[in-house]
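A.B. asks: Residues per chain, in single letters:
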Amino acid sequence: MSKYSLPENLVTPKADWMNRRAFIVGTAAAALTGPSLATSISGTELEPTSWDAITKYNNFYELGTGKTDPYQNRDLLTTDPWSVEIGGLVANPKTFAFEDLEKQMPMVERVYRFRCVEAWSSVVPWNGFQLSDLLALVEPMSDAKYVAFETLYRPEEMPGQRSDLYPWPYVEGLRLDEAMHPLTLMATGIYGESLPNQKGAPIRLVVPWKYGFKSIKSIVKITLTAEQPPTTWNLIQPREYGFYSNVNPEVSHPRWSQATERPIGKGVFAKREETLKFNGYEEHVASLYDGMDLAEFF
Amino acid sequence: MSVAQTINQWSKAVPAWPLYVLGFVPAAWWIYLAVTNQFGAEPAIRLEHKLGLFALQLLLGSLLITPLRDWFKVNLIKYRRAIGLMAFYYVILHLAVYLFLDHQIQWIGWDAVIKDVTKRPYIMLGFLSLLVMVPLALTSNNWMIRKIGPFRWRMIHKATYLIVLAGAAHFVMLKKTWQLEPILYFVLAFGLVAYRFWPKNGLRWLGRRNQTA
Numbered sequence: 059m060s061k062y063s064l065p066e067n068l069v070t071p072k073a074d075w076m077n078r079r080a081f082i083v084g085t086a087a088a089a090l091t092g093p094s095l096a097t098s099i100s101g102t103e104l105e106p107t108s109w110d111a112i113t114k115y116n117n118f119y120e121l122g123t124g125k126t127d128p129y130q131n132r133d134l135l136t137t138d139p140w141s142v143e144i145g146g147l148v149a150n151p152k153t154f155a156f157e158d159l160e161k162q163m164p165m166v167e168r169v170y171r172f173r174c175v176e177a178w179s180s181v182v183p184w185n186g187f188q189l190s191d192l193l194a195l196v197e198p199m200s201d202a203k204y205v206a207f208e209t210l211y212r213p214e215e216m217p218g219q220r221s222d223l224y225p226w227p228y229v230e231g232l233r234l235d236e237a238m239h240p241l242t243l244m245a246t247g248i249y250g251e252s253l254p255n256q257k258g259a260p261i262r263l264v265v266p267w268k269y270g271f272k273s274i275k276s277i278v279k280i281t282l283t284a285e286q287p288p289t290t291w292n293l294i295q296p297r298e299y300g301f302y303s304n305v306n307p308e309v310s311h312p313r314w315s316q317a318t319e320r321p322i323g324k325g326v327f328a329k330r331e332e333t334l335k336f337n338g339y340e341e342h343v344a345s346l347y348d349g350m351d352l353a354e355f356f
Numbered sequence: 005m006s007v008a009q010t011i012n013q014w015s016k017a018v019p020a021w022p023l024y025v026l027g028f029v030p031a032a033w034w035i036y037l038a039v040t041n042q043f044g045a046e047p048a049i050r051l052e053h054k055l056g057l058f059a060l061q062l063l064l065g066s067l068l069i070t071p072l073r074d075w076f077k078v079n080l081i082k083y084r085r086a087i088g089l090m091a092f093y094y095v096i097l098h099l100a101v102y103l104f105l106d107h108q109i110q111w112i113g114w115d116a117v118i119k120d121v122t123k124r125p126y127i128m129l130g131f132l133s134l135l136v137m138v139p140l141a142l143t144s145n146n147w148m149i150r151k152i153g154p155f156r157w158r159m160i161h162k163a164t165y166l167i168v169l170a171g172a173a174h175f176v177m178l179k180k181t182w183q184l185e186p187i188l189y190f191v192l193a194f195g196l197v198a199y200r201f202w203p204k205n206g207l208r209w210l211g212r213r214n215q216t217a
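Residue numbers (our numbering), protein chains in the order written: chain Z, 59 to 356; chain Y, 5 to 217.
Keep in mind that the hints were calculated from the coordinates and are not lab data. Heads up, none of these hints are tricks.
If you want the footprint, here are the derived chain Y segments under chain Z, 3+ residues with CB under 8 Å:
#, region
1, 32–42
2, 46–58
3, 104–113
4, 117–129
5, 174–180
Where a beta carbon is used, it is the ideal one built from N, C-alpha and C, also for glycine.
With the hints as extra help, turn the sequences into a complete structure.
C.D. replies: The structure is reproduced here in structure tokens:
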């Protein structure tokens with residue numbers, strides 16, 4: 059068994075997370091019988107941020123640049139039917155209908171820290187499957203080194219895409235080893251419910267050790283490439299947003315410090331918390347960057 | 005009677021002092037919403053931004069008084085001091101939220117703030133704006149005008165132009181990218197300052213008045 063595989067008994071049973079109200083209880087029960095998934099991944103028990111906070115405070119510029127715009131505009135987006143096209147340097151290119159992915163992929167629940175580059179943070183109980191499981195189905199070829207992702211482009215449903223201020227569609231990318239890492243998730247839900255539109259329905263990426271903008275939403279296309287793919291924030295402000303964008307308290311954003319973060323949903327007197335290197339996942343992912351200067355490859 | 009005359013009549017009857025009370029109503033309302041958790045997931049930041057933006061709006065309002073008089077013969081000058089002082093009070097509130105709720109110097113200390121001020125141009129501009137406002141606020145009373153004389157008073161208060169430009173630039177630069185709203189504020193600030201420097205307006209910024217108006 060590889061270092062990162064998660065034993066079956068560490069994954070919360072579906073019955074527990076299907077009921078959002080039972081969620082906290084379920085986690086507590088798991089803690090009694092053994093280390094829960096959250097514990098095994100982060101080293102400490104994480105308390106999820108409220109449903110309200112994580113669904114009403116989002117960056118999803120396709121639905122507006124204000125923090126509450128995506129929530130207010132969420133009904134403009136339709137996500138049925140939905141398919142994800144996977145191609146590029148793969149032996150078995152394929153387009154998956156979203157409902158087939160939901161049926162055939164091995165679903166897991168992961169409670170991850172989520173750290174926005176703007177220095178706010180939350181803890182999100184995601185549901186989904188490992189990206190590695192999906193990529194295995196299309197069989198990446200040996201010259202594939204990167205994975206490129208693309209968000210839906212549909213300006214008639216996404217008012218933000220009618221603005222020329224940003225290059226659309228939103229694109230993101232990972233190195234193949236980052237994409238294959240067991241922590242890297244394709245999320246289809248939170249709190250055991252389908253992803254709300256403003257969170258990137260119906261399917262999005264979650265890379266918990268990177269700043270939130272890497273976790274691209276509402277994905278329609280995945281392409282394996284030999285070259286490093288372009289990424290939206292890097293295209294807009296290359297000095298401020300690098301390809302890697304690993305959470306790093308030691309590397310400041312040019313306009314603000316990344317040393318601490320503000321947890322959301324905890325009221326006006328919420329205390330700042332120390333930001334952790336790789337967002338608390340250092341022991342799992344630091345080896346991916348051995349020998350790299352993280353200040354240069356920010 | 006024209007609209008301008010009506011407004012001028014009305015302004016003769018309405019004193020300026022209620023503005024010092026009414027001016028705090030938005031702040032009180034926002035603080036109430038923030039403290040009672042009705043201000044979104046990051047209430048401290050929302051409060052910080054609301055206070056800062058309102059300060060900028062008040063500053064722009066104070067700079068609109070002169071063009072309103074020049075173009076529309078609307079005379080609201082008696083309210084200008086109150087508007088300017090309210091802008092200063094909102095900047096102080098904005099600073100207080102920045103220090104105590106955002107950077108939490110009471111828990112974390114001054115380190116982050118000192119780094120912010122010395123390393124980040126948009127924070128520098130914010131502080132510059134605030135510092136330059138202090139002498140203006142201190143001289144915004146009749147006693148000080150008598151003490152330093154109207155000419156010197158007017159020269160000191162030309163610093164408003166610097167304050168509003170620095171404040172608007174501070175707003176533009178804090179966003180992750182170029183965004184329309186802050187840019188519109190900056191354009192308005194720039195226009196209102198440029199108006200003072202327009203030669204046809206008699207170079208009022210030198211203290212001369214346009215005799216032909």
